[in-house]
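Engineer: If you're matching them up, the sequences are chains A and B in order. Residues 184 to 411 (our numbering) make up the first sequence, in order. Residues 9 to 112 (our numbering) make up the second sequence, in order.
Some clues are possibly wrong.
Pairwise CB distance ranges, derived in the manner of DEER restraints [said to hold, decoys possible]:
no.	chain 1	residue 1	chain 2	residue 2	range
1	A	R309	B	A108	48 to 56 Å
2	B	L84	A	A338	45 to 53 Å
3	A	P224	B	W73	28 to 36 Å
4	B	W87	A	M192	35 to 43 Å
5	B	R88	A	A285	40 to 48 Å
6	A	M192	B	S48	54 to 62 Å
7	B	P40	A	L255	35 to 43 Å
Simulated from the structure, these hints should not be mistaken for laboratory data. Each residue gets a CB set at the ideal place from its N, CA and C atoms; glycine is no exception.
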Amino acid sequence: MRSPLRTPMVLPLVRDASLVWAASGVVGVSFGAISVAGGLPVWAPVVMSLVVYAGSAQFSAVGLLLAGSAPLAAAATGLLLNTRLAAYGLAVADVIGRGRTARLLGAQLVTDETVAFALAQPGPERRRLAFWVSGLGLFAVWNVSVLAGALAGRALGDTAAYGLDAAFPAVLAALVLPAVRDDARTRRCALAGAGVALVATPAVPAGVPVLLALTGLALYSGRPKGAA
Amino acid sequence: MSATVVMILALAAGTYAFRLAGPVLHGRVEVPARVQELLSAGAVVLLVALLATGAVTEGAGFAGWARPAGVLVAVLLAWRRAPFVVVVAAAAGVTAVLRALGVQ
Numbered sequence: 184m185r186s187p188l189r190t191p192m193v194l195p196l197v198r199d200a201s202l203v204w205a206a207s208g209v210v211g212v213s214f215g216a217i218s219v220a221g222g223l224p225v226w227a228p229v230v231m232s233l234v235v236y237a238g239s240a241q242f243s244a245v246g247l248l249l250a251g252s253a254p255l256a257a258a259a260t261g262l263l264l265n266t267r268l269a270a271y272g273l274a275v276a277d278v279i280g281r282g283r284t285a286r287l288l289g290a291q292l293v294t295d296e297t298v299a300f301a302l303a304q305p306g307p308e309r310r311r312l313a314f315w316v317s318g319l320g321l322f323a324v325w326n327v328s329v330l331a332g333a334l335a336g337r338a339l340g341d342t343a344a345y346g347l348d349a350a351f352p353a354v355l356a357a358l359v360l361p362a363v364r365d366d367a368r369t370r371r372c373a374l375a376g377a378g379v380a381l382v383a384t385p386a387v388p389a390g391v392p393v394l395l396a397l398t399g400l401a402l403y404s405g406r407p408k409g410a411a
Numbered sequence: 009m010s011a012t013v014v015m016i017l018a019l020a021a022g023t024y025a026f027r028l029a030g031p032v033l034h035g036r037v038e039v040p041a042r043v044q045e046l047l048s049a050g051a052v053v054l055l056v057a058l059l060a061t062g063a064v065t066e067g068a069g070f071a072g073w074a075r076p077a078g079v080l081v082a083v084l085l086a087w088r089r090a091p092f093v094v095v096v097a098a099a100a101g102v103t104a105v106l107r108a109l110g111v112q
């Protein structure tokens with residue numbers, strides 16, 4: 184059997200996936216730099232990126248921790264963000280492979296980008312190849328870039344002078360606003376949730392207001408996307 | 009154990025469990041489209057709440073004017089689909105400039 188690396192399918196997948204890798208690399212550097220500049224030791228973003236490997240959850244958990252949240256409240260928010268990974272895991276269960284080892288290792292590679300990339304390919308063989316190529320590449324790029332960012336973050340002095348405390352919410356804006364602007368129902372829930380979180384902030388422990396924001400989902404109606 | 013370690017371990021274990029549920033339960037569980045929609049909407053709601061509280065509050069109080077202004081610029085740029093680097097750099101830049109001018 185020919186080596187998979189020699190098949191004509193691999194190079195186009197690497198070329199396409201590399202666009203995702205480059206974008207994630209920028210986010211990874213930001214995460215590492217902001218975490219260390221905010222006061223965490225260098226090992227924290229690096230270890231977190233290896234074992235959690237979920238960008239928005241890492242940003243939210245570190246942001247909350249640096250804001251004084253209790254660790255379990257910060258983790259809870261990150262976990263709520265990651266519930267969607269269960270649905271992704273189901274979607275690519277066939278794609279990852281049948282063996283136990285493939286499942287245990289492949290599960291860790293499940294992310295928005297890798298799942299979307301794999302499912303976009305035609306045919307089961309190509310999907311499997313796309314999942315592993317894009318997944319392994321993204322894992323490597325993410326962790327190298329977080330390390331680079333963490334080392335760079337250590338070199339910064341007074342973070343307030345650089346406005347770095349604004350960088351965490353700005354990252355969240357870059358990640359989430361495309362979804363907010365495209366779906367009126369989600370937008371309504373998000374604005375209501377943000378209001379609840381801001382009102383609750385003076386009254387409850389750090390980290391909890393964000394969890395209370397989920398009450399905004401009560402406004403999620405069954406009408407199709409785009410309906411006012 | 010430090011707060012950071014507790015947070016990382018809890019988040020890592022829970023996240024991996026979510027990921028593994030799919031491959032392990034494959035063939036036995038189907039997630040209704042409605043549930044998937046709510047999961048996606050829930051993630052957006054959490055992120056927007058984090059964005060709002062991170063921009064405006066410090067501890068239990070108001071964060072001052074420089075940071076909200078910087079984040080507002082980021083929000084406008086993100087809404088216009090500006091590149092990630094531009095959004096983040098603009099937020100930090102505006103905040104830093106305002107602080108240099110004496111705005112807290």
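Engineer: Next step is simple, just say for each hint if it's right about the structure.
Structural biologist: Verification of the supplied hints:
no. : hint                           : in the structure
1   : A:R309 with B:A108: 48 to 56 Å : holds, 53 Å
2   : B:L84 with A:A338: 45 to 53 Å  : violated, 30 Å
3   : A:P224 with B:W73: 28 to 36 Å  : holds, 31 Å
4   : B:W87 with A:M192: 35 to 43 Å  : holds, 38 Å
5   : B:R88 with A:A285: 40 to 48 Å  : holds, 42 Å
6   : A:M192 with B:S48: 54 to 62 Å  : violated, 30 Å
7   : B:P40 with A:L255: 35 to 43 Å  : violated, 30 Å
Figure legend: structure checked against the earlier numbered hints; hints not met, in rising order: 2, 6 and 7.
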